[in-house]
Every structure is written in C-alpha cells, then in structure tokens.
Amino acid sequence: MNRQAVVACLGGAALLAGHAGQVSAHGFAGKRFFPATLATDDPFVADELSLPTVSKRKTAASGDQPATMETSTSVDFSKRITSNLGIGVGASYLHLQPDGGDTQKGFDNLAASVKYRFYQSDEHETILSAGADFDIGGTGAKSVGAESFSTITPTVFFGKGFGDLSEGVNYLRPFAVTGTVGVAMPTRSSTTTLDDAGNAAIEQHPDVLNIGFAVEYSLPYLQSFVKDVGLDAPFSRMIPIVEFSLQKPIDRGGGPTTGTINPGIIWAGRYTQFGLEAIIPANSATGGKTGVLFQIHLFLDDIFPRMIGRPLIVDRP
Amino acid sequence: MKILTRIVALLAPLAGAPNALAHAFLDHAVPAVGSTVHGSPAEVRLQFTQELEPAFSTLRVLDANGRQVDRGDKKMDSRDATVLRVSLQRLAPGTYRVVWRVLSVDTHVTEGDFTFEVTQ
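Protein chains in written order, with the numbering used here: chain A, 1 to 317; chain B, 1001 to 1120.
Source of the hints: derived by calculation from the structure; they are not laboratory data. These figures come from a predicted structure and were not determined experimentally. Hints are supplied without guarantee of correctness; some may be wrong.
What the hints assert, rightly or not - For each label pair, taking beta carbons as the anchor points, the in silico distance ranges come out as:
hint	chain 1	residue 1	chain 2	residue 2	range
1	B	1071	A	265	38 to 44 Å
2	B	1058	A	164	18 to 24 Å
3	A	232	B	1077	18 to 24 Å
4	A	240	B	1077	31 to 37 Å
To be verified - Simulated coverage check for chain A against chain B, where a stretch passes if three residues somewhere in it have a Cβ under 8 Å from a Cβ of chain B:
hint	region
5	27 to 39
6	218 to 228
For each residue, glycine too, the CB sits at the ideal point set by N, CA and C.
Work the whole structure out from these sequences, hints included.
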C-alpha cells in the first residue's frame, strides 16, 4: 500500500472517529486546546511526558522543623491504553536545605495514576474524567520525608472552555477553567514513634480534600476563533494562567487549609510547551516564601503519532 | 541546573521544527478572524501551521441564516500545502461564518470557525 493509500485510510478513520468524539488527543475539546497545567492535573487522557518539572520554594518553620528550601525535579509520563483510558507514572527527586541543618537529597515516593474520560462535549468545550492517584509508600527515601505508607486519591477532573458564550461577550470566549477534586486517603491512619526516653508519639495521617483549579486565557483561541488582534510569535501561542492548589485535612485532628496560588504563563508549540509560574502561599497557614515552578511538557502524540503517541488499543471507528 | 540546561537545549528544536508532524492550527486568515471588510471579498484563504491532506479537509462559508455562500471549490494552494482557499459568491453586507475542519498529514484532525463582517 503506498503512502497516499495509507494516509487516505488513516485519514478516513480519523475523521469518522472524530465525528464520534473519540480521537481527541492531548488537550482538545472541539476547537479548544487546553494546555497541560503545571501545579494541578488536567482532565485529559493523553500520551505526554513532562521532563522536567522543577519547583523551588522555601517553606516556613513548623514545630521543630526549620524553614527549608525545597527543590523538586520531577518526571511524569502518561500513556493512553484506549482513547479514553490512560495510566501514568511519576518520580520526584528532592533536594532539601533546612536552615542550620544538613542538606537531604533523595527520591520521593513513586506515583502512579489511572484516568478515564467519561464525558466530552466538543460543542461546549467540556470534558469530565475520573481517576485515582497512588502515592506508593516505601518507594522513596526516608531522609526526604517519603512516607512508609501509601496514599490513594480518587479524583474527579473537569475542563470547560467558554467558547460557547454569545458573541456579545466575544472577549470572554478565550477563557477556560480546568480543575480537580479529590480526597487523599492514607493507608495508615497514624504512625507511632518512640523517642530516646521510650515515650510514644503519635502522628495522625488525616484524609485530605485536594482542590485544584486553573483559570486560563488562551491567546491562540483569541487569534484563531474570536478576533485577530495582530499578535505574532511568540505571543500568539501564549496562554496566561492562574492555578490554585488547596489542601484541607478533613479528619483525625486535621489542621488548617493550606495551598498555593500560581500565576504564570504557558507557551504551547507544535510538539512541546513551556510553563513558568510563581508559587505564592495562599494563606498564613501555608507560610513560606514565594517560589517558582517551571516545566517542559512534550506532546508524544504529535512527536510519535504512529508509535508511542497512540493508544495501545485503537478504537474502531 | 546543568542537567536542566542540557534538557532544554535538547528539546528546544522540537518547539518549532519546520514541516513537523503535529496538529494543524490556524495561523492566519484572509479576511482576518473577526475583521470587517469593505465590499465582497473574492475568496477566503486560511493558512495553517501544518501541511494538510486536501481530500479530508473542508472549508465552508455561511451567511447569518446558515446558507452556504462559497462556490464549493475548496482547494489547496498549488504552491503551499498549508493553505486552504475557497472562492465566494458576491456577498451582501452582513456577518459571515467560516467553518473549517482539517486533517494534517499525520492524521490529526482540528476544527474551528470564526466570523467576519462585510460592509458596503
């Protein structure tokens, strides 16, 4: 079969599947392209690689823990099993510099995830997914605080673009939100430790409500679907974004809500995107100083469309 | 930091490699997206970021009532496989919607629409 015939067959299948809403690749719902978010997860099932995600922030002193400069370098890989079902793995290398203490280095616990997209409306630029994250206890270094127990976080993911607003509010149509709601459930409710004098200390591990969302304004959407305002590269591919990542303990003595607010910018190209955000403590309970978050994100479905960038099981059109 | 620098250097070419295989985004249009033009334009011309497969790419122009006002002669530019064009009937003043759906050469489908306005 020659190239034209192959392309014709693949193209026909892609178009047919596209009408069935089954071949949305990374970050697309209809004409809306959602970038991969940095601090929170996005609702898409995709073939993608974040290499690396680097964050640096000084945390506040807490109890007998000194303020610590935390640097995290992560890699995350996501793979589609079918067009709607995907899995992921991730690893983070931590570099901790406590004030007045010794530097600690090592890997945090490995993370795994599964996600299933159960609803998508191209017309309304809407997507809903459900899944779970698994923080696999005992796979990281205790010196950097990796827990010996696992944590499972069932999560609902959503994404909504506002391109379906009336043309009377044209300049609001490039807005979109994505977000997650999940509950992190440790597999161990508490840990008991003994000090040198033999006194027992009990550390509670509460369930934690995790809420994350991102508000973004797509300049590519503005340029391509609303109004050509004359932006040239690189601005025509930029997406200003603010992410919110909040954690609220909900039992076992809990604690205050903490989190960060991350304003930044994402530049999305053909194969890859670059993201840069500030990490601002959301409240006094979070403490610490403003940090920085940087990510290079690769669209594997575009780089290797006929190899690793396609689902392992391709849906029938 | 040295490792990060090397990773960035390694991946930077991926950001804008020419003739790459990837989703086709609308780069620019004539008439421009959301623009107002004086008099009836002869055609609509869309330039994408990727080369297209013409057999599986569509381009239509509709009036405010949804009636097709292009001549149905959608074609690729003979010298540029990223350009899709269609000629128009004579357009009365009003708002018109351009609707496109294209297949890039690596079989990724993208779609979109936009409006432009015609005045006397």
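Checked hints:
1. B:1071 x A:265: 38 to 44 Å: Check passed, 42 Å falls within 38 to 44 Å.
2. B:1058 x A:164: 18 to 24 Å: At 21 Å between Cβs, range holds.
3. A:232 x B:1077: 18 to 24 Å: Given a distance of about 21 Å, which is inside 18 to 24 Å, the answer is holds.
4. A:240 x B:1077: 31 to 37 Å: Cβ of residue 240 of chain A to Cβ of residue 1077 of chain B: about 33 Å, so the range 31 to 37 Å holds.
5. 27 to 39: Per the Cβ count (4), the hint holds.
6. 218 to 228: Check passed, 7 qualifying residues.
The earlier numbered hints are all upheld by this structure, with none contradicted.
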